[in-house]
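Asker: Sequence:
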Amino acid sequence: MDGASIIAKALRDQGIEYVFGVVGIPIVELSLAIQAENLKYVGMRNEQAASYGASAIGYLTDRPAVCLVVPGPGLVHALAGIVNAQVNCWPMIVIGGSFDQDQVGMGGFQELDQVEAVSKYCKYAVRLETLESIPYHIEKV
Numbered sequence: 032m033d034g035a036s037i038i039a040k041a042l043r044d045q046g047i048e049y050v051f052g053v054v055g056i057p058i059v060e061l062s063l064a065i066q067a068e069n070l071k072y073v074g075m076r077n078e079q080a081a082s083y084g085a086s087a088i089g090y091l092t093d094r095p096a097v098c099l100v101v102p103g104p105g106l107v108h109a110l111a112g113i114v115n116a117q118v119n120c121w122p123m124i125v126i127g128g129s130f131d132q133d134q135v136g137m138g139g140f141q142e143l144d145q146v147e148a149v150s151k152y153c154k155y156a157v158r159l160e161t162l163e164s165i166p167y168h169i170e171k172v
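For what it's worth, our numbering labels the leading residue of the sequence shown as 32, then goes sequentially.
A few of these clues could be false.
As the list claims (entries may be wrong) - 27 Å max Cα-Cα, derived DSSO-like pairs, lysine-lysine:
| hint | residue 1 | residue 2 |
| --- | --- | --- |
| 1 | Lys154 | Lys171 |
| 2 | Lys171 | Lys40 |
| 3 | Lys71 | Lys40 |
| 4 | Lys154 | Lys40 |
| 5 | Lys71 | Lys154 |
| 6 | Lys71 | Lys171 |
| 7 | Lys151 | Lys171 |
Worth flagging that the hints you see were computed from the coordinates, not collected in a lab. Here the structure is a predicted model, which is why all the values come from computation and not from measurement.
Could you put the whole structure together from the sequences, leaning on the hints where they help?
Answerer: Here it is in structure tokens:
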């Protein structure tokens, strides 16, 4: 089983119903896996709108929704909704795409220390390092 399928299944197992996102490299496979797990995927035109959509579900249902964004600029564009959810105590999960582990610190595609960028505005931020750890981290968020 690949990482995208493991993430999608773990989200479903935790009762997640909605995912808001902007599809792009490298999250295409994850968006397809999410839909294959029968989660409701809402395609948005930009990451800020996706983060506000996910935070609105948290506000309305008191259950987290997911904001799925591409790495680097996609995550930066989602910060407005992330901060809005944090300030208002609305549950939301943000999944930012990434580049291969062996490219860390070498200028990987849209490289940004995403954990550092969001850690001030969320309760838990982590870069997944192994496939085996995915269900644990999804449950923890």
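Asker: Of all the hints numbered above, which does this structure not satisfy? Sort the numbers upward.
Answerer: Hints that this structure does not satisfy do not exist here, as all of them hold.
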